[in-house]
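K.L.:
Given only the sequences and the hints, what does the whole structure look like? Please build it.
Each chain, written out:
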Amino acid sequence: MALNSYLADRRQHPANQSRNAMIMTHVVCGYPSFEANWQALEVMQEFNVDLVELQFPFSEPSADGPLFVKANQQAIENGVHVQDCFDFMRKVTEHFDFKVVMMGYYNTVFKTGHRAFLEQLKDAGAHGFILPDLPVDEAQELHSIASELELSPIVLMTPTNSDERLAQLANAADGFIYAVARKGVTGSETQMNQEVAEFIQRCRHLTDLPLAIGFGVSSANDIDFIGQHADIAVIGTAALKAWEEQGAQGLRLFFTQLLDQIDQK
Amino acid sequence: MDLFDFADGREGYYGDYGGTFLPEILHSTIEALKAEFRAAKEDPSFWQDFVELMQSYSGRPTPVTHLSNLSQILGGAQIYIKREDLNHTGSHKINNVMGQGLLVKRMGKDRVIAETGAGQHGYATATMAARFGFHSKIYMGALDVARQRPNVFWMENMGSEVIAVTDGQQTLKDAINECLRDWVTNMDTTHYVLGTACGPHPFPEMVSWFQSIIGKEARAQMIETAGGLPDRIFACVGGGSNAIGLFQGFMDDSEVQLVGCEAGGFGPGKGNHAARLAYKDASVGVAQGMKTYFLQNDDGNMLETHSVAAGLDYIGVNPILVHLWEQDRVRFEAVTDQEVTEALKISMRTEGVIPALESAHGFAQAIKEAEKMRPDERILINMSGRGDKDIFTIADALDDSHWKQFIQTKAEQYGAE
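Protein chains in written order, with this note's numbering: chain V, 1 to 265; chain R, 1 to 417.
These are calculated hints, taken from the structure and not from any lab test. Treat the hints with care, as some may be off.
Claimed, not checked - DSSO-like cross-link-like pairs, simulated, lysine-lysine; straight-line CA separation at most 30 angstroms:
hint, chain 1, residue 1, chain 2, residue 2
1, R, 105, V, 70
2, V, 183, R, 109
3, R, 41, R, 105
4, V, 183, R, 34
5, V, 183, V, 91
P.N.:
In structure tokens, the structure reads:
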């Protein structure tokens, strides 16, 4: 679908000449505010990120770590509604070069209705969606509507899955695969080691889709490691932490440290 | 009626409700748990071991008591209560917990985690962990820690680490989220002892199975001591484990009315209560691992809930009970905080029994209906727990001046130390 061809083309983008991994970043809609989100996205554009996950806040973010839990909760307290997230998403996809996928929890989709939600997502210019609490076994209807609308359902693969299960996941996936580098919630540190490399190899054998590696990416070495074994580095918590500390300037500094060394190779 | 005879491809579903909605990282863990549970359920010696453990450790079978004074005063139906309060740790929670403890042993794990609302489930889990020699960590909303200190005291003294959860509304649902976060990190060594018949499959089935011991005993006891089956059965419903436990004993007795009593809190209106089915403020959603009715807004974000009883103060409800409600097999009613206080007072004065605030919801609804029934009709209430643990909340509700004075004296004593 559209996301697959975008990612294939994007590898040839000038920014990616020296980077061996593409970059996906993460923003929680409305946290700390939509204005702040916009500024963060401008910084991300400066550094030529390839993909951005826009998270729709949910009251029970059970797969998220403490920083994103707080962000979800605060966004809801700020009065952010699902409709606001769609409106923001449309502005973002009209303005920026990177492509956008929605990230969130299944109840947000379920409550809006499968078709209604995906039609609005399409209309807002998203290319896909990530729902970490929706197992593929429960996703047939949603995925078939997505396919009709040319939206990619991003599926998660994890180190605890058997090869048989990974094959089943590969079968349901489109766009790219989100490979979770380790157990746990978002944001804790991951040792990028042989074990992770072996897990990525297992995924690689079962799918031709690009592999995004997430959970705990925070250094240039991490990105280098991911580039050697996979395709996309997911930067979530570390970037939000940088924003929390020093706003747009902190975020710019963070990306400079993360990417400049690689870009100047 | 076999509630657990699932159609092909619908394992874990009760009508439209239930299912397994978990992050992929837990897929293999939950599959292993399903397989172990299935094997245990099909192994008659497992149930036998469970019953023997409950007899020697928790005083089962718990009796059924005729509340003859209360029945006479009300002048209606004969009221009987199933005495789950007489279990070790003071509530029905121990049934599920000891059962899961035996399962953990079968699985060869050595660490357990649990969420708790009122603290009864955490207390029971701490007890089980001490008895079986497991490491244990109990997650409890910070708000609940503040209102249920006595249970926290016992948990800690039995060797559990109690974590006060400060996310979200700082109640039961937030403690469940925190357990899921622990579980996705430590699933290799750790079993999540879910405390109520909610969450992802196989938990609703598993918890219902262990709690069915209540209904099995109660049916035989009613025939023996009351001379026949009850006409109506009342049980409070938070997550719904004591209710489904008792109701299962009477599932095939179609003439027996089953009544689930929810927390009406301050009364109808979003945010005022925790009544998912009796009031019209809830709708179907998917959260905390299952599809069921939730108190949520149009965005699918969960609402604030309120009840005087921490154990009923929960956004969702057992999917099996929702299915039975849709089939008109279980009726749902809501009881307000104020009605609960009145029911508690009359139970203490006329019978010398102290139901937990949770259980008192069942008492209140039963009292309301008993008056309009004939003296040859029978009511059975599940006294799911004892009220001693609620002494602070009850003393507040009764505005007891002697108690206040005692606390003041105690505070001065500690202050001087």
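K.L.:
Does each hint fit the structure? Answer for all of them.
P.N.:
Each hint, compared with the structure:
1. 105(R) - 70(V): 36 angstroms, violated
2. 183(V) - 109(R): At roughly 17 angstroms apart (the allowed maximum being 30 angstroms), residue 109(R) and residue 183(V) satisfy the hint.
3. 41(R) - 105(R): OK: residue 41(R) and residue 105(R) at ~15 angstroms, within 30 angstroms.
4. 183(V) - 34(R): The given pair, whose Cα atoms are some 20 angstroms apart, holds under the 30 angstroms limit.
5. 183(V) - 91(V): 35 angstroms, violated
Hint compliance for this structure: hints 1 and 5 are broken, all remaining hints hold.
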